Structures are given as structure tokens and as C-alpha cells.
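Protein chains in written order, with my numbering: chain A, 1 to 201; chain B, 202 to 620.
Hints were generated in silico from the structure; no laboratory data involved.
As the structure is a prediction and not an experimental result, all values here were calculated from the model.
Quick reminder that beta carbons are idealized off the backbone N, C-alpha and C, glycines included.
Please note: incorrect hints may appear among the correct ones.
Here are a few chain B residues that sit away from chain A, every Cβ distance over 10 Å (derived from the structure) [stated by the list, open to error]:
id : residue
1  : Asp241
2  : Leu242
3  : Asn266
4  : Asn310
5  : Ala345
6  : Lys487
7  : Asn585
8  : Lys596
9  : Glu605
For lysine-lysine, the following BS3-like pairs were computed, each having C-alpha atoms within a straight-line distance of at most 27 Å [claimed, not checked]:
id : chain 1 : residue 1 : chain 2 : residue 2
10 : A       : Lys127    : B       : Lys407
11 : B       : Lys249    : A       : Lys111
12 : B       : Lys407    : A       : Lys151
13 : B       : Lys407    : B       : Lys387
14 : A       : Lys190    : B       : Lys510
15 : B       : Lys379    : A       : Lys159
16 : A       : Lys159    : B       : Lys556
If you only want the chain B side, here are some residues facing chain A, beta carbon under 8 Å, derived [claimed, not checked]:
id : residue
17 : Cys262
18 : Leu311
19 : Phe521
20 : Thr524
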Amino acid sequence: MDMEDDTVQVRENSAEDTEMLELPKDPAEVKASEFIKGESSKEIPVESQQPELPENVVLQSLEKEEFIIKLAVGQQSEIIKNAILDGRGENPVPLLNVSAPILAKAIEFWKRHIDAAEGEDLTEWDKAFLGDLSQEVLFELAAAANYMESKSLLDCTCKFIADIIKEMKVEEVRDYFGIECDFTEEEERKMREDNAWAFEQ
Amino acid sequence: MSSSLMEQNMNVVGVNPRKRKASEEPHTNLTFSLDELNQDLLERVLSKLPASSFFRLRSVCRRWNSVANSATFQFACSQIPFRDPWFLMVDQYLDQSIVFDTTEGNWKNLSHPMFLQQSHGCKPIPVASSGGLICYHASSNDLAICNPITGVRRELPPIGEASESQTLHAIAMHSSQKDDDPTTYKVVMIFGEFSNLAFRVFDSKKNMWEEEVMLVQKGEKSTQSDGVGYESTVYFLSKTGDIVATNMQKSPFKQYSSVRLNENGDDVICFLTCSGTIMACNLAEKTFFEYPRLLPAYFEYSIDVVESKGEMLVVVLSEFLETASLRVWRFSNEERSWQQVAAMPPSMSHELYKKKVDINCVCHRDMIFICVCSDDFSSYVMCNLVTNQWMELPKCYMNGKAKEFMSAFCFEPRVEAVV
């Protein structure tokens, strides 16, 4: 209880002292500890009140290869964003399920999207970017986007894959994905009948 | 936080080359196929397919087929804000569900035999549509809601004697999907004499019809200002000295059609009256208002009302100066007058001159769909309001015969829309 009285007293004194020490205009900006230490004459920016956010983030791939990117770029993935913001400042952020070449592609996508001008339409760039990838890399990138919880990359890759298959015949889709048909002939025939309108033309 | 998420997703990515199965088919040289993907990713890809592609590709394998019934897949579908519209066509026979698919640019026959055969003698007519649902009306004011893609249908409870006995003017529907909640919808019926209009709302969440609400007229009565009225017919003296009557018999296929607008958050239902004027009923303010006529009655030949992004547009086919013109108008509240939004190329509209056609229109965002028909002529035109491009659709042939449609209802093909 005595201690509390002391601190109250210290604060009262500091209030009187403020005028003499030329503190920043808003006393709330100055930490209480600084008052007590008597360092209140320094101008302290608001940002330092929060845990420091690094300018760069280090990502670590499956093979433990490291990638350094700007914070803004990495924040397009919820996993990366949370790893930085939850205060533990996990650095490097381990992305054990993503291989280096795939992570590099994800980073390229995020960079282009962060650098985009206000209202710039990136659909053509996205299509060209994904169109350049092999089928295997495209699927791995989609899975990585899902794992890293990157909505923009995930929506983009899934839409791209959907657009590839939307006009394919059933047999072509099976070939494309290496899927074996597990319907009996009878079942398949019935499905085509039930959805006949979808098969027209 | 992040480490536990990583644990959950450990089985996701087949990046490790050691995942290749020994028994793998020779033609599959992927270390990784979508088939191995987690369910979430498969559902996301499938949710982005257009409806007919999805229904076709359900035959790929059992896993793909079962996706249709997955709640998470339906949620993924509901997150897609807009889908290309389909137009459900209405003809005099009412025995098939033929749609025009704007994604593939072709006609499809969606017939769901179970539904159509159940109709107790009187065939249900579509009267309203919203989102992925269509509202049908059978003889005694019984309504049913249907998802044309899945064929699932639900009959609404009867509205009750008191309302049934009154003159029904319009039926409108609005459906919406919010977050995790399944589709909800409201159906509005407007009835009564023009001195005493009222409405009732069916709320799917409550599964019941709400109490009747009276509407009060707003603004001066302007209908009879340029002619003498008798019941629903208005007579005019035309410039050439003829007496012209506007007795707009609304065809049974458009009898109750209306559009739902959003005026600063208020629900406003607009419909055409028999004398060709437009009535707007503000359900929130409980008032109704009659718009001034676009053109003097003897100029108008056929008129219809559509809704585009919450705003009302009027499509008018008129004949003068030895030709026909088809234009789209918007009412400007600031100027209290009609402003032209789009016009059909004169060479196209000239074909309609003296054909005595009726136009029936619907709109989905920026796309207007117009059915132009008379006893011996039918044509379907689409107009893109943004680019002012007009396009005539190919004719629809079923069993070798060209189908003749009177009107259309617009909906989005949505697997996830629940009745």
C-alpha cells in the first residue's frame, strides 16, 4: 500500500514537471515507466508502444531453404500473418509443407499483387502467370495456397483449374487428374440420364 | 496458434516425391493429382464451375458426385457473388422447363418430370424469380417455390380466404443468402382495388404469411389527365383524329409479374397496370405511387418493367414515323422525368413494325432479355446495357420444331439454393 502511494505521488510530481521538461503534447504518448525514469524529454513515436513489427519476414520451406520478403507481401497468407502478429515473432516462419520452388511462385504472386496500383486489374497477369506453370506445379501451388491460407492465391488457382476443366468431357477430366472411374456402367448411365440437360451439346 | 494449424494440414501437399504409389497407372506421371487433394480444395474448384459443367462432371467418380451433398461445398458455392443468369422460358403449354444458358449460349431442357406431373390438373405458371429460386402459381392462389437446377420444390401454405377473394395485381419474390444461414426468401402479394391496395408477405424463416398491410397513395393522381377512363380502359383522341383505346390485357404469362427495387434500403415492388401505367409500392413506407406515362398512350405499343441492380428500367416498343423503335428508359427522381438508357439498333427494331408484337422483358444486372412475340412471330433478344450491344438469340428447337415462348424469368443456377 505504501508503494502505491509512492507511485501516485510520483505521477503527481511528474505532472508538475511536465511544463518544465517540454514533453510531447500528448502526455498519453509517453510510457509511465519513462515518467518515473525521468526520460520524458525524449519524443517517443506511437508505434513503439506496440510490439515491434519487423520490416522483413523470413520464410522457411520444406527443404529448410529461406526466403526473405517484406512484411506486406507475407501478410497475404493468414498463416504467415498470424505467425508474425501473435507476438511470438516466430522468425523464420516454418512452412514445412511447401517446397522451395512452389513457395517462390507464391511469393512472386503476392509481390505482384501488393505492387498493383489502386484498382489495377490483374486478371490477365494472373492468367499468364498460372498458364506458364506445369499442371503439377499448378496443383501444388493450389494446395500450398490452401495450406498457407492465402485467399487471393487460393481463389485464383482454383478458378484457373475450374476454367481448364469446365468444358472437358467426363473422360477427359479423368485423364487430366489421373482418376479412375468407380461407378458401374449402369450407375454411370443413370447419372447421365438424370442430368441429361447438362450433357446436351 | 500457427503451429496447430500446420499440424492439421500436414497431410495436404504431396510435395514429397516418395508419395508416388508403386501401383500407379503408367499414364499418370504426376507425383500429385487432384484426387489426392484434401476435400476443401476439391470443393473450392468444383464450386467455381458453371452449373452445367458441375452436373456433367459429377459422373467423374463417386467422390466428385458426393460433393453436391456436402454442406461445405454448398457454402463455397454461396460465396460466389454472381453467376451468369439463366432464363426460364414460359410457353403456352407449360409442360417443360426450357432455359437459355448464358454461359454456354445454348438452350437446355431441364424438365423434372416429377414436379410437372404433380400439378392437380392446373399447370403451374412461373410468376417470380430471385437468386436461384422460381415461384410458381397454380389456380387457386397456391404458390410453390422451386430450385430449377435440383428440381426440389416446396408448396407454400395457402394465404387464406380473405386475401384470395381480392383482385391480385402482382407477386414478387426476394431471396438472399447470408453467411452460414441457408437461403431465405420473401414472397409478396399485392392485391385490392386501386383505392385500397394492400400487400401480404410470406417469410420463409417464419414459414407463414404475415398480416395484411394497407398502402396509401402518394402524389397526384395523374392517370386520367390525358384521356377519359372507364374501368381499366383509357380512351384517347390521337393526332389523326382516331379514337384509340389502351386496354392492355396483360397476358396470363405476365399477369402478376413485378419487379422488386431497392430504394435507399426500402423494398419497392413495381408492376404494370392494365392501362399501361407503372405502379410502385413502397412496402416500408406503406405507400404506392403511380409514375407519369412515358409517352402518350397512342404512341406506346408494348411496355414492360424490369429491375437492374435495384433500379427500375422500362422497356417500350413504340411505333411512329413509319417504323418501330425499342428503347430502355430510367426514371430520374431529380428531374422527375424519363431518361433514355439504351435503344435497339433501328434496323433491328424496324423488323417489328406492324407485327403487333408484345414484349416481355427481364433483367439480370446489366443484361436485359426480351421476348418479342405475336401470334405468328417470336424472337428473343438480349441487350447489354453497359456496351449497348443487342443480340438476337438462336431459335430453340425441340423435336425438330421451333419453340415459341411468351416470356422468361431470370435466375442464377445455384445448387445451394434451398427451398
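Do the hints match the structure? See the list:
Distance to chain A contradicts Asp241 (chain B) as a non-interface residue, since its nearest Cβ pair spans about 6 Å, not more than 10 Å. At roughly 5 Å from the closest C-beta of chain A, the C-beta of Leu242 (chain B) falls inside 10 Å, breaking its exclusion from the interface. Residue placement check: Asn266 (chain B) does not keep its beta carbon more than 10 Å from all beta carbons of chain A (closest about 7 Å). With 10 Å as the threshold on Cβ separation, the claim that Asn310 (chain B) sits away from chain A is violated: the shortest Cβ distance comes to roughly 6 Å.
At roughly 21 Å from the closest C-beta of chain A, the C-beta of Ala345 (chain B) stays outside 10 Å, upholding its exclusion from the interface. With a minimum CB-CB distance of about 41 Å to chain A, Lys487 (chain B) clears the 10 Å threshold, and the non-interface call stands. Under the 10 Å C-beta cut-off, the non-interface status given to Asn585 (chain B) relative to chain A holds; the minimum distance is some 19 Å. Look at Lys596 (chain B): its CB is around 15 Å from the nearest CB on chain A, clear of 10 Å, so calling it non-interface holds up.
Residue placement check: Glu605 (chain B) keeps its beta carbon more than 10 Å from all beta carbons of chain A (closest about 20 Å). Under the criterion of a C-alpha separation no larger than 27 Å, the hint pairing Lys127 (chain A) with Lys407 (chain B) is inconsistent with the structure, at around 46 Å. A threshold of 27 Å between alpha carbons decides the hint, and for Lys249 (chain B) with Lys111 (chain A) the separation of about 25 Å falls inside it, so the pair holds. Our distance criterion of 27 Å between C-alpha atoms is broken by Lys407 (chain B) and Lys151 (chain A), whose separation comes to about 35 Å.
Between Lys407 (chain B) and Lys387 (chain B), the direct Cα distance comes to roughly 10 Å. Compliance with the 27 Å bound is thereby established for this hinted pair. Between the alpha carbons of Lys190 (chain A) and Lys510 (chain B) the distance comes to roughly 40 Å, so the proposed pair goes past 27 Å and is violated. This hinted pair checks out: Lys379 (chain B) and Lys159 (chain A) have alpha carbons roughly 23 Å apart, not beyond 27 Å. Restraint check for Lys159 (chain A) and Lys556 (chain B): not satisfied, since their Cα atoms lie roughly 46 Å apart, outside the 27 Å limit.
The criterion of a C-beta within 8 Å of any C-beta in chain A is met by Cys262 (chain B), whose closest approach is roughly 5 Å, and the hint holds. A least Cβ separation of about 5 Å between Leu311 (chain B) and chain A falls short of the 8 Å threshold, and the interface hint therefore holds. Because the beta carbon of Phe521 (chain B) sits about 42 Å from the nearest beta carbon in chain A, more than 8 Å, this interface hint is broken. For the restraint placing Thr524 (chain B) at the interface with chain A, the shortest Cβ-Cβ distance is roughly 37 Å, beyond the 8 Å limit, so the hint is violated.
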